[in-house]
Amino acid sequence: MALVVPGPRPAKRVTVKRKRGAFTPLLLLAPALLWLGVFFVLPTISLASQSLQSGSTSSGYTFTWEFSNYADAVVRYWPQFLRSFGFALLATLITLLLGYPLAWFIAHRSGKFKTILLVLVVAPFFTNFLIRTLAWKIILSNEGLVSTVFRDTGITSLLQMVGLLSTDTLLGSPFAVVAGLAYNFLPFMVLPLYASLERLDLRLVEAASDLYANGWQSFWKVIWPLSLPGVVSGTLLTFIPAAGDYINARLLGNIQTSMIGQVIDGQFLTVMDYPLAAALSFILMGTIIVLVGLYIRSAGTEELV
Amino acid sequence: MAVGTQRKAIGELRLVDLRRTYDDFVAVDGINLDIPPSSFFALLGPSGCGKTTTLRMVAGLEEPSSGRIFLGADDITNTRAYQRRVNTVFQSYALFPHLNIVDNVGFGLRQLKVPNWRVKAMEALELVKLADRAKQRPRQLSGGMQQRVALARAIVNEPDILLLDEPLGALDLKLRREMQVELKRIQSEVGITFIHVTHDQEEAMTMADTVAVMRAGSVEQLGSPAELYDNPATAFVANFVGKSNLLPIEVGTVGAGLVKVASHGIELTVDSAQFPDGQTTGLQLGIRPEKLRLITDADATLVNRLPGQITDVSFAGVSTTYLVKMAWGQEMEITQPNDGSARAELGQSVTIGWDPHHCFVVGA
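In order, the protein sequences belong to chains A and V.
For the first sequence, the numbering used here begins at 1 and goes up steadily by one.
For the second sequence, the numbering used here begins at 1 and goes up steadily by one.
None of these hints come from the bench; they were simulated from the model.
Be a bit skeptical, because a hint or two may be false.
What the hints assert, rightly or not - Cross-link-like lysine-lysine pairs, in silico, DSS-like; alpha carbons within 27 Å at most:
no., chain 1, residue 1, chain 2, residue 2
1, V, K260, V, K291
2, V, K174, V, K129
3, V, K325, V, K291
4, V, K113, V, K135
5, V, K184, V, K260
6, A, K221, V, K243
7, A, K221, V, K135
8, V, K243, V, K184
9, A, K221, V, K120
What the hints assert, rightly or not - One side only, chain A facing chain V, incomplete, derived with CB under 7 Å:
no., residue
10, E206
11, A207
12, D210
13, L211
14, Y212
15, A213
16, N214
17, L226
No residue lacks a Cβ here, since even glycine has one placed at the ideal position from N, Cα and C.
Put together the whole structure using the sequences plus the hints.
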């Protein structure tokens with residue numbers, strides 16, 4: 001054994017060589033790898049190949065490097081793509097605005113009710129996704145309380161001004177779709193935010209106020225930057241599924257609010273243009289990966305995690 | 001020294017009937033304190049005595065239930081923490097993990113919109129000898145270094161008062177002694193009033209000009225370290241600040257000069273100046289271990305004498321500490337310098353004695 005002089009940084013993790021158990025990590029990984037290999041990697045490859053084929057269900061498909069499927073997808077459906085990302089972005093912002101104060105309250109102000117509140121956040125999952133969304137049809141119906149209150153308080157005209165409503169009817173509008181998305185994905189925002197805010201040392205907030213920062217300044221200079229890991233994971237967990245969602249747009253929207261998920265659904269199951277549907281799926285996947293990559297990079301949270 | 005040279009003299013800090021209660025628990029029970037400017041003031045007491053609560057009320061992090069806080073002529077009781085020209089060195093340091101060291105130190109200056117904040121922050125880092133770490137993150141620094149960053153972050157703002165909440169509590173003994181000297185040096189350089197909360201009586205004694213000993217939400221005694229040590233006002237202070245041997249005494253009339261008292265039937269002599277005003281019952285006589293002498297020589301002139309038997313000897317290099325058991329079972333602690341005089345042995349029968357001027361009397 002040689003003497004080791006400790007360096008200024010914490011010593012790197014020492015890899016202990018052991019004869020037995022060398023395969024343990026592999027064994028632990030194997031089930032997940034197998035699962036992902038069979039049910040994710042292989043279908044993805046098959047989908048990729050499908051997106052470059054030509055033909056029809058009746059005559060069969062052949063692989064022909066048919067890149068025109070992609071061009072076709074973009075040219076015909078760019079409004080749906082744009083709308084999907086717009087709606088998803090809006091829904092993500094709404095969940096962030098609703099979820100942040102809620103997560104802060106649960107993490108630091110709820111006392112003994114913490115567990116109950118956390119269960120309540122997850123409670124909607126006990127009901128079926130479809131049922132929950134259908135419930136919003138009733139909530140937003142013309143004779144419903146929300147419609148009446150919105151009309152009476154002028155919120156309806158406000159929503160019309162920003163383009164989320166075209167008529168007096170709440171259902172079948174961009175507003176209804178975004179509201180449904182925000183509702184359905186709120187728990188995905190609250191839970192990561194809660195996890196990251198709960199870890200936040202409140203003594204740092206005291207230190208900030210001791211160093212002449214008022215409440216708002218303490219928030220922006222200390223709480224917000226330290227909660228960024230939670231913000232990033234929460235927004236990703238909300239934005240990604242929301243961008244591909246088709247249930248909310250179908251049940252709460254109309255023909256003018258259709259999202260890309262609906263198009264893919266229609267192309268696969270109704271029109272049965274498999275190559276086009278596959279190309280649409282890949283464009284959606286690629287765009288999300290690029291957006292997420294740019295987002296994580298600009299958030300600069302690597303050193304915080 | 002650039003930090004703090006242009007300071008104008010700031011008024012004193014005054015706490016008036018300051019109280020803080022939590023439900024039915026009284027944390028701070030009506031404290032009155034005048035802390036003069038540019039002093040090194042220590043709040044000393046066991047945990048739960050209310051010293052940290054008092055400090056947090058001065059910082060503005062805790063609201064008093066009643067009472068006022070004055071900084072100079074200004075009543076700052078109702079101002080918020082960020083409005084007070086008071087900074088705190090937290091026990092946990094509370095450095096911002098997402099900022100590097102110089103940004104941590106510059107945090108307050110940037111809030112105060114000081115234009116050359118970076119220059120000042122670097123000067124403060126030089127003061128605590130950490131300028132070379134400016135670009136690092138707090139977690140890359142050792143506990144002692146983080147402590148110094150926390151100190152720099154507070155003093156760089158040139159506050160009227162610097163509050164230190166057990167700032168050395170997390171450091172090991174050697175580092176703690178170094179930091180005590182360092183803190184004292186920095187205080188005299190910057191001239192800011194330091195209020196230091198600690199439960200370590202040695203720390204309070206070596207660093208502070210004035211010490212307030214707190215107990216159960218009140219100030220038990222206020223004075224210089226020497227006053228507290230030589231003339232503790234209560235049995236609590238006598239035992240909390242240094243060690244004391246306490247003997248119950250019965251007193252006749254207290255005249256001028258030396259008076260006779262009795263303890264366990266033995267006549268003892270005490271200087272009447274030591275008596276607390278007007279009290280004659282429930283008094284205790286206190287003698288510090290190093291003021292007691294082992295009398296092995298029959299010719300010794302000390303008038304106060306007690307016979308006993310040595311039950312413990314512990315040798316500590318510069319001195320030896322003995323426990324001497326009295327006839328009534330009490331064990332008296334005696335510390336003798338190892339100055340060449342003869343040492344006593346375990347089980348030996350001895351007589352201990354002390355000068356009537358080298359003891360004190362405390363009330364119940």
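Out of the numbered hints, which ones does the structure contradict? 5, 6
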